[in-house]
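Asker: Sequence:
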Amino acid sequence: MHSREQPTAQLRRLAHVQDGVVSREQALGLGLGRHALSRMVGEQQWQALAPGVYLTANGAASWRSLAWAGVLIGGDDARLGGTAAGYLHGLTAIEPDPLLVLIPHASRVRSRDHWIFQRERAGARMRRSTGNPPRLLVEDTVLDLCAAGGPDDAVSWLTTAVRDRLTTPSRLVRALRGRARHPHRALLVGLLGDVAGGVESYIELLYLRDVERAHGLPSGDRQLTTVDGRVRSDVVYREQRLIIELDGRLNHHGMEEFRDMWRDNVATLDDWLTLRYGAWNLTHQPCEVSDQVAGTLIRRGWAGLPTRCQRCRLVS
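Numbers 1 to 316, taken from my numbering, label the letters of the sequence shown in order.
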């Protein structure tokens, strides 16, 4: 058989880079003949994931193989968006299915099986893509995910992206300014300032806005790391030697719990006091939490006085 009828070394390397997925045009362009291509599919050495897109193996396609296939099906300038891009950027640990594939506005591709194809409006996002398989930049990914959910979802996506150092508040602000529309623009503008100040989770935002600011408490320092670099504290009032720890998890076991115990013990030896609150306290008892924190701050030397928020006035 002619050498063109055998898979070439270039084709094998391409399939390796693209997680075992190649298009018909790529295969032919690298020297694989049409008859060889038909034979390999017919003998189930390769399998067609979609017309003109092949998995160069006979096993189940991995998630990354499906991601590459979606981009190849989408054609030139196609890229992953939504939670598919979020997964590749490390914003979520869940492999989404179906995968969102963004295609140029002039293109027409029918959604099928594992892929949803969505036409992009000009100017809606930055034109540059990143990574292999190509996907939205992390800033556009975060803003899209924020737009797709409610306010709580927006807080979660933003804080995750900044906490994990995938981007910065200033880069997100620039990306937001480049968009003519966003359903949560006002929320994001305010939130990005809080995130830049150290807020790393929704529960920390609740404490900042519904406890500290709403009741006129002094502004604590956030995400301070101990001298030995072993642990961080959520909120610290240095002058009063008071630490606030916030935990949104239902269960808190294992090494995390032991780290917290160690941190509390070290703080106690240095005459620091730690108060702990969970998500339920901050969503249902923000005024009661404020009373406890304010009372402790006053006993430890704070010369100010707390104020009453609108909720305080309603329940009194």
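Keep in mind that a hint or two might mislead.
Computed beta-carbon distance windows for the label pairs [unchecked claim]:
(1) ARG127 x LEU224: 36 to 44 Å
(2) ASP221 x GLY278: 45 to 53 Å
(3) ALA60 x LEU28: 22 to 30 Å
(4) ARG238 x GLU95: 39 to 47 Å
Note that these hints are calculated values from the structure, not bench results. Idealized CB from N, CA, C, for every residue including glycine.
Asker: Could you run down the list of hints and mark each one as holding or not?
Answerer: Results of checking the hints against the structure:
no.	hint	in the structure
1	ARG127 x LEU224: 36 to 44 Å	holds, 40 Å
2	ASP221 x GLY278: 45 to 53 Å	violated, 21 Å
3	ALA60 x LEU28: 22 to 30 Å	holds, 26 Å
4	ARG238 x GLU95: 39 to 47 Å	holds, 43 Å
Checked against the numbered hints above, the structure violates only hint 2.
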